[in-house]
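S.K.: Given chain A, put chain B in place with the hints provided.
Residue numbers (our numbering), protein chains in the order written: chain A, 5 to 404; chain B, 5 to 404.
Worth flagging that the hints you see were computed from the coordinates, not collected in a lab.
The structure displayed is predicted, hence computed values, not measured ones.
Be a bit skeptical, because a hint or two may be false.
For chains that are exact copies, the list does not tell them apart, and a pair is met inside one copy or across any two.
[Unchecked claim] Below, computed lysine-lysine pairings styled on DSS-like, alpha-carbon distance capped at 30 Å:
no. : residue 1 : residue 2
1   : Lys363    : Lys28
2   : Lys270    : Lys28
3   : Lys363    : Lys393
4   : Lys28     : Lys393
2 protein chains.
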Amino acid sequence: MEIVQEGVTAPIGFQAAGIHCGVKKARKDLALIVSDTPAVTAAMFTTNSVVAAPVVVDRMQLNRSSVMRAVVVNSGNANACTGDRGLEDAWSMVKTTAAALKIAEDEVLVSSTGVIGQYLPIDLILSGIQVAVEHLGADGTSAAEAIRTTDTFSKEAAVRCMVGETRVTVGGMAKGSGMIAPNMATMLAFVTTDARITPVVLETATRNAVQRSFHRISVDGDTSTNDMVAVLANGRADNPVIDSEQHPGYAPFSQALEHVLVALAKMIVMDGEGATKFVELRVVDAATEADAAKAARAVANSSLVKTALYGEDANWGRILAAIGTAGITFDPARVEISFGDVPILKRNYVIDFSEEQAKDVLSRKDIVITISLGAGTASALFWTCDLSKEYVAINANYRT
Amino acid sequence: MEIVQEGVTAPIGFQAAGIHCGVKKARKDLALIVSDTPAVTAAMFTTNSVVAAPVVVDRMQLNRSSVMRAVVVNSGNANACTGDRGLEDAWSMVKTTAAALKIAEDEVLVSSTGVIGQYLPIDLILSGIQVAVEHLGADGTSAAEAIRTTDTFSKEAAVRCMVGETRVTVGGMAKGSGMIAPNMATMLAFVTTDARITPVVLETATRNAVQRSFHRISVDGDTSTNDMVAVLANGRADNPVIDSEQHPGYAPFSQALEHVLVALAKMIVMDGEGATKFVELRVVDAATEADAAKAARAVANSSLVKTALYGEDANWGRILAAIGTAGITFDPARVEISFGDVPILKRNYVIDFSEEQAKDVLSRKDIVITISLGAGTASALFWTCDLSKEYVAINANYRT
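If we strip away everything but chain A, and leave its shape as in the complex, we get (with noise of 0.2 Å):
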């Protein structure tokens, strides 16, 4: 696997853009990506019961057709919680794209990301579809800087492998910082590949990464109205197709797949609104890779442990506690807790470690948190960020 410093563009035959066209006051909000045949797509959304209007839209062009060519995204304004005026604007996004596309109105995915409430600013939103047209190439670097909302930089992975003799590329862009949680809801995601898959396989192979990048990933533990991961697969690369999971090309492709998602939803945590440390934390020795999967989400999401993370205090009891929530079975006095390579927690409530040791950890940027349960083989991996000050003053004054 070979990784590449493009993004969306990086697999053949994609094209994208990203313009200024006034949703926000200087910075760019339109992006579009287009692929030059028509593509495979997969996607997953939100599981907020509250759902955006192009979320709505979007579900039902996939239950239409599950072969797309486009996908426009707006940032700045989420069009979520604007009734039937929002269902029209999405609508209007999708109608405009293919027209000035010339492609069938079904093969369009629409996406907006920003303030909840209030109806989009349409007309410009239109004019800059067809600027965006006039604007499309090989520079997926605008498209990931048009989706940003609070984001502080902008998210792009690629990676090439091979299917049989065939090289594949997989690129991706995504969006995140704040209400970023567990189980999908909380980022857009758009990632293209030039692979040749059949659309049930695309299906399991974005599903089963989904499952280990962005249900892996906690930042406030709040979900969105809005969010997508969509897969585009054009079959460009021309690789014998990838029809089962069986497949050959099924091991390396969906490897490949993986790891871009994986890096997209890394980036997020990283840009998670106001964090200063990364933290990966390593759940071994569980019963299940579920049970790890919810000890890492239930230490993730407490705010306790992440103001602790934030005052740089090895505090493995609010880690225990955390855990205690986390519904899973488990004895505590099995539980091991090491930060960095530093043992804190050993069997039996066992503490020996120096505070200069721990806080010689805790004041880097990346953190690695290993918690072992005692409880078995399985394991999980999972990215979360601290809580800081920041975090308040960012959210605090998100809408006005």
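M.R.: What follows is chain B alone, placed relative to chain A:
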């Protein structure tokens, strides 16, 4: 029902003491509540699967007998995650208290609150118990002081009610602050009453009252290892024994108990770590009371809602998105939200309010948010606070 400015010593036949024994540097850290005569006792404990030693001991005590005479509590150290030695220390507290009071060992409950994972300075505590016994008297406030950790004020409440011709008193004290979440976890409350009531009926009244008080508050969504509510009823009022839910004394007594528990629960929220706002959530027009409580809990536990409240931002979108994560069935387009008496969101996402009006309500310290789900006729109250920069500052450096 008459409100009394007292605490656990308001009912007939209860004495208390609060002293400094040396767990903390200077502040009071050891409390004792004693009934002159055996008291029927009901208790509920944390739902966290990591439980502190005193909780283990108390469960054993109450399995043996539901009649207690004393409760001994230290603050400053939770005696949690302390293994066999922690259990021994908790038993020592029980035995020393029993010996000093000349009562049976199975008539004593024990409780601890503070830092997790350190052994109690047991010699200081055992000596302190002797001192506390000498200080027993009508001063409930010292005891309420002695169970504080990061609490900024002592929490006491008491009411009198009439059970038939007999005046019955219920008094209580609590500690709270951080780590307050629904489902009991997360606080200590000790309640005394001179009512005559059977164990089974006291259990029912306690469970119902906890359901509408401590289960309806949230500071940071975390739960702790030590939390408990205990209600001791010594029968000294000599009312006709309340022996069923149909007994005419049950309604006034259970209302009095609920009043004390709700008053203490609200104080815990008011004292939420770093809280600058006290928020009452009134969820109405729900399909069931359980749905109403779930919706309220989801709103109360959303960091995004809580930071918006801190920022005095009328961000109804975050409230709606939070309800969307509650796992209840509702139609977002039917939801209405008011801040104070200012309607913010009306049906079909109609928004028609001035930012000035909203700001006026949100700038107050006490805020009522009414959420109509438009799904039925059930309702629930819930109390929470905002998430401030001060919360982060307090929790970043608690242990060290």
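S.K.: Next step is simple, just say for each hint if it's right about the structure.
M.R.: Status of the hints after comparison with the structure:
Taking the closest pair of Cα atoms, Lys363 and Lys28 come within 30 Å of each other only across two copies (24 Å); inside a single copy the shortest separation is 42 Å, beyond that limit. Within a single copy, Lys270 and Lys28 get their C-alpha atoms as close as 26 Å, which meets the 30 Å cut-off; across copies the closest is 42 Å, which misses it. For the identical chains of this complex, Lys363 and Lys393 are neighbours both inside a copy (20 Å) and across copies (23 Å), given an alpha-carbon limit of 30 Å. Proximity of Lys28 and Lys393 under a CA criterion of 30 Å is satisfied in both settings, with 26 Å inside one chain copy and 28 Å between copies.
Checked against the numbered hints above, the structure violates none of them.
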